[in-house]
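In terms of the UniProt record's numbering, the sequence shown opens at residue 1 and continues consecutively.
No lab work stands behind these hints, which were simulated from the structure alone.
By construction, the Cβ of each residue, glycine as well, lies at the ideal position given by its N, Cα and C atoms.
A hint or two may mislead.
Unchecked claim - Once the Cα atoms are required to be at most 30 Å apart in a straight line, the calculated BS3-like pairs of lysine-lysine come out as: (1) Lys108 <-> Lys6; (2) Lys290 <-> Lys114; (3) Lys254 <-> Lys164.
Said to hold, decoys possible - Simulated restraints on C-beta separations: (4) Leu266 <-> Ile10: 36 to 44 Å; (5) Trp65 <-> Gly363: 47 to 55 Å; (6) Asn297 <-> Ala245: 49 to 57 Å; (7) Tyr275 <-> Pro246: 40 to 48 Å; (8) Arg382 <-> Leu161: 13 to 21 Å; (9) Lys164 <-> Val299: 48 to 56 Å; (10) Phe309 <-> Ile270: 22 to 30 Å; (11) Ile13 <-> Leu241: 25 to 33 Å; (12) Thr248 <-> Phe225: 29 to 37 Å; (13) Val378 <-> Ile10: 20 to 28 Å; (14) Tyr275 <-> Ile340: 16 to 24 Å.
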Amino acid sequence: MTKQVKPTLISIILYEALFLISGFFSTLGQQFLYYQGAAIFFSLLTNTATYLGMAAVGFLLLPGWYGSRKNNDDINMASMTKDYQLLPGTEEETSIDAQNIINTNQPKEVVDHKIIFAAACLDVIANFALTIGFFYVGSGMYQVIYSSVVIWCAILSFFFLGRKISFVQSISIIGVSVGLALSALGINQNKELTTPPPPSSSTGTTMPHSYHMSNTMFGMLLTSFATFGYACVYVVSDQILTARAPNTLPPSPKKVCFLVGTYGSLISFIYIIFYTIPNWNILITQEMVKKIPHSSNFVIILMYFLLSFSSFIHNFAYYWLMKEIGNVSTSILNALRAIIVFGLSHMMFCKIDHGQCLNIWKGWSAFIVVGFVTIFSVSKARESK
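Required output: the full structure, derived from the provided sequences and hints.
See below:
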């Protein structure tokens, strides 16, 4: 048995940086495409780019698949060679038999495609709702609200998987709820802004969706609902990765990511073929005309390719970190990501979209939500020791 090599501090920092940077780019890149009129939520284009990146994680499975296949070929070749042994009962024959027995008794990986397909369908629905909420509420508040997914996972795991919630974790759940409620006050405070964002053309303002506060409130509620939906996806995925029958192994996280990404891509492509492409003029062309001047078509297409690549890097780094430092540390990284994206959204988009502007209530909301998510994650880490 080979001894597992612990990752170096440099490699951990590198993967954490990849996880954060790709997360920043994915969130802000989708917001940029929306501001260009090239990513209206009903088109499902940004969702498809994300699923393609998830499916690309399958390339990381190729070395293991090739090694396993080569090992099986070697064993089969050795078994065939055994039939030509002139002297039975030799040490070599005994070694071959022992190897075959070990290979036969090893637990086999079992993949339940029906459950994974159901998880993919739930993921597509939650992702679609999350995208609508994202474009209504803005990238800053979206990231703060979405960071509460770890709380929803704990609540669902308590009811359906029988996992306990400690007193500190219960207080954290209440604290996150209070923090999310404060974000509504931050949205209401933006009503005091009497000057709309600067118009980009004669058709109206650049970003009317966040300027109408009722729409932004709807986006906040929808994002919260979609975050709950994603928590359901994570709990189902947890069940897929941990449940096992005798002499079987659950699929690896990378394989689940690959399969969910593949099924999600297929569902998204069906939607695009039958809805997005026939309505391309309304969903994309007319929306881009409203946002003139906008970036060139080359920049927009390049951004979609980069979104897929960013999704691949993000998922690759995520599963490496999950394996090496655990899900608690990745939850803390997501909390850090929420704070930084919140600040970057204010710096990059406040001038064209008042819904992205930071105010004291939004600041307190972000601080409380991220703070209690971090406390919750640290509590889970101590509990698992």
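Cross-check of the supplied hints:
1. Lys108 <-> Lys6: With Cα atoms ~26 Å apart, Lys108 and Lys6 stay inside 30 Å; holds.
2. Lys290 <-> Lys114: Since the Cα atoms of Lys290 and Lys114 sit roughly 43 Å apart, the hinted pair is violated (cutoff 30 Å).
3. Lys254 <-> Lys164: Holds - the C-alpha atoms of Lys164 and Lys254 are around 27 Å apart, at most 30 Å.
4. Leu266 <-> Ile10: 36 to 44 Å: holds, 39 Å
5. Trp65 <-> Gly363: 47 to 55 Å: Hint holds: Cβ distance 48 Å, inside 47 to 55 Å.
6. Asn297 <-> Ala245: 49 to 57 Å: holds, 52 Å
7. Tyr275 <-> Pro246: 40 to 48 Å: holds, 45 Å
8. Arg382 <-> Leu161: 13 to 21 Å: holds, 20 Å
9. Lys164 <-> Val299: 48 to 56 Å: holds, 50 Å
10. Phe309 <-> Ile270: 22 to 30 Å: The hinted range 22 to 30 Å holds for Phe309 and Ile270, with Cβ atoms some 23 Å apart.
11. Ile13 <-> Leu241: 25 to 33 Å: holds, 26 Å
12. Thr248 <-> Phe225: 29 to 37 Å: holds, 35 Å
13. Val378 <-> Ile10: 20 to 28 Å: At 24 Å between Cβs, range holds.
14. Tyr275 <-> Ile340: 16 to 24 Å: violated, 35 Å
Violation of the numbered hints given earlier is confined to hints 2 and 14; the remaining hints are satisfied by the structure.
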